[in-house]
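**Student:** Listed below are the residues making up each chain.
There are 2 protein chains.
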Amino acid sequence: MSTDYKEKDIVISSRVRLARNIKDLPFAAMIQEEDSKKAIKLVEGALNNQDQSMPSFNKVEVKDLNTNEKRMLVEKHLASKEWSKNDEAAVFIRKDENVSIMVNEEDHIRIQCILDSFQLRRAFDIANEIDDILEEKIRYAFDDKYGYLTACPSNVGTGMRASVMIHLPSLTLGNQMNDLIQTLARFGITIRGIYGEGSQSLGDLYQISNQITLGLNEETIIRNLHSVIKEIIKRERNVRNEMLINNRIYLEDKVFRALGILENARTITVEESMKLISLIRLGTDLEIIEQDISEINRLILSIQPGILSHTYGIPITNKLDNTRAEHIRKILGKNNT
Amino acid sequence: MSTDYKEKDIVISSRVRLARNIKDLPFAAMIQEEDSKKAIKLVEGALNNQDQSMPSFNKVEVKDLNTNEKRMLVEKHLASKEWSKNDEAAVFIRKDENVSIMVNEEDHIRIQCILDSFQLRRAFDIANEIDDILEEKIRYAFDDKYGYLTACPSNVGTGMRASVMIHLPSLTLGNQMNDLIQTLARFGITIRGIYGEGSQSLGDLYQISNQITLGLNEETIIRNLHSVIKEIIKRERNVRNEMLINNRIYLEDKVFRALGILENARTITVEESMKLISLIRLGTDLEIIEQDISEINRLILSIQPGILSHTYGIPITNKLDNTRAEHIRKILGKNNT
Chain A
1 MSTDYKEKDI VISSRVRLAR NIKDLPFAAM IQEEDSKKAI KLVEGALNNQ
51 DQSMPSFNKV EVKDLNTNEK RMLVEKHLAS KEWSKNDEAA VFIRKDENVS
101 IMVNEEDHIR IQCILDSFQL RRAFDIANEI DDILEEKIRY AFDDKYGYLT
151 ACPSNVGTGM RASVMIHLPS LTLGNQMNDL IQTLARFGIT IRGIYGEGSQ
201 SLGDLYQISN QITLGLNEET IIRNLHSVIK EIIKRERNVR NEMLINNRIY
251 LEDKVFRALG ILENARTITV EESMKLISLI RLGTDLEIIE QDISEINRLI
301 LSIQPGILSH TYGIPITNKL DNTRAEHIRK ILGKNNT
Chain B
1 MSTDYKEKDI VISSRVRLAR NIKDLPFAAM IQEEDSKKAI KLVEGALNNQ
51 DQSMPSFNKV EVKDLNTNEK RMLVEKHLAS KEWSKNDEAA VFIRKDENVS
101 IMVNEEDHIR IQCILDSFQL RRAFDIANEI DDILEEKIRY AFDDKYGYLT
151 ACPSNVGTGM RASVMIHLPS LTLGNQMNDL IQTLARFGIT IRGIYGEGSQ
201 SLGDLYQISN QITLGLNEET IIRNLHSVIK EIIKRERNVR NEMLINNRIY
251 LEDKVFRALG ILENARTITV EESMKLISLI RLGTDLEIIE QDISEINRLI
301 LSIQPGILSH TYGIPITNKL DNTRAEHIRK ILGKNNT
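Chains as they are written, first to last, in the numbering used here: chain A, 1 to 337; chain B, 1 to 337.
Same shape as in the complex, but just chain A (with noise of 0.2 Å):
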């Protein structure tokens, strides 16, 4: 269960999340200014105590935060949507933007490793050490018999969340994710739309996550996700490789249209552009075309709203919609030469 760096055509990014909380203050629901305040001080203290080698952290206010760049780090993953609706939170951001802590989101502290491809176990090894960092400072809240406290119960024990981003194209073409979200379910894992809670799979992503925290340890749970999406990629896998013998001129024809459509369009959605880069990738992954898949990786956040506005210094309108098919052209010209 090493680092599945060739499964990078499928899986775009692993995650893992612990939920801690600071014993001795109320919890984030019902904490006032002046804790927010402590808690944010307290974990600036440990992380200025961390051994000068790591890469340092950037510490970003909410109440410093124009909506657009709210919403930048929300696309990043590196803070979440609740997160910037609270004034009182601030979030450390590591250098290379694999470590973000939150902290007064709806748990004190919350420390997110996130790595590209199918990289699990590197990601908690990396969140599991900044726990160590914070922990050398702070008191945690901790009971024997639960494990870590947290503001929802569903996060009581390791308080921890693996979740990777994973790419299901012929699967969904297949109608084939119901049937996994139920099946998985039993398994107390579960399946989403890449931006979090609800929201709607955008260009056939999908974000497969622990549902439980209580009751196992982290190790275990971390190896029945990885054994779980090693399946998941046999499958999609399965999939494709059928789809390439009985309908190679319909898949070739969906592959070729995308990247037309990408290198020409003056004008397009976010929705439209993930569809389509959706195709680059499975197209990539089949040898249909050739594009670097770490650029189309970066390309898909590179579109989404916020970053795009922040990137190219315009507000979000209609007219954004002009300026990401110019950045589409640009990074898929450059990718060819």
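FYI, nobody ran anything at the bench for these hints, they're computed from the structure.
Heads up, a few of these hints could be off.
What the hints assert, rightly or not - EDC-like cross-link-like pairs, simulated, lysine to aspartate or glutamate; straight-line CA separation at most 20 Å:
1) B/Lys-334 / B/Glu-295
2) A/Lys-95 / A/Asp-51
3) B/Lys-330 / A/Asp-51
4) A/Lys-330 / B/Glu-263
5) B/Lys-334 / B/Glu-263
6) B/Lys-23 / B/Asp-131
Could you slot chain B onto chain A? The hints should help.
**Tutor:** Structure of chain B alone, referenced to chain A:
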């Protein structure tokens, strides 16, 4: 009113057809096999008598053609669908394919001249020359009061129908076609889809022709139609320019997406191809993209099922859509270098 070659981006072709019947033979609806053969022989004899310096004609008989070959002649506008249903019918096609003479269609003889772009007057002159050649050897059914007698009363008089094939994407997009059809009807002019009576408009292409053949001489009919077409071209250009000013990105997006799909599709129907090629023609005229309009006009013909099937020697099945996509990519690729 000379050749308007500069209008070739809007007017694709100009056509003049003369309906004639042979005195002393029963009209086509009543004719027996022997007289049908006689009609063919008479036309053949007259054509053999023409000046040796003129391009020669090939005789093609319906009974010698398979379904595909018949279809191809119809798609090339060298013969009509009704013609292809009569096993006693023949067509004489001039080597340059500008002139064809159907024998035993609705009338005994239908002389047709079809030329590229807006050249109504020249098409009329050529049809007239052929008419004179035939008249040297054949006695037409002619009435001093009514003029040329024809099977259908709507053709009595000059027996002439003049028409242009015209590309009106902006008037179509702007929902102005119904108004135009009603206005023109008052002037005895009809608008139809490109494959004759009752056929739907494909790719925003229309056939505009005179409806009245009685009571006006040929010169007047041609002159009237010419000035009406001029007016329609002006309207189409006005709407194009308005769209360009008010909605440039929208137009550019449509045109470039069409190009992207045509350059990339692996399977495509004739209907979709026509729709997209229509946008390519529009984009070329508006200088959004650069394409050779004559090449694009040839492309429209070459993707029709019968012609395509004949060119590549494969039957008309769903697979022909794959061949069409390949053919379009080849032509557009060539056009780009």
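**Student:** Next step is simple, just say for each hint if it's right about the structure.
**Tutor:** Hints, verified against the model:
1. B/Lys-334 / B/Glu-295: Holds, at about 10 Å.
2. A/Lys-95 / A/Asp-51: 15 Å, holds
3. B/Lys-330 / A/Asp-51: At roughly 62 Å apart (the allowed maximum being 20 Å), A/Asp-51 and B/Lys-330 break the hint.
4. A/Lys-330 / B/Glu-263: 19 Å, holds
5. B/Lys-334 / B/Glu-263: Cα-Cα ~11 Å, so holds.
6. B/Lys-23 / B/Asp-131: 15 Å, holds
The structure is inconsistent with hint 3 alone, although it conforms to all the rest.
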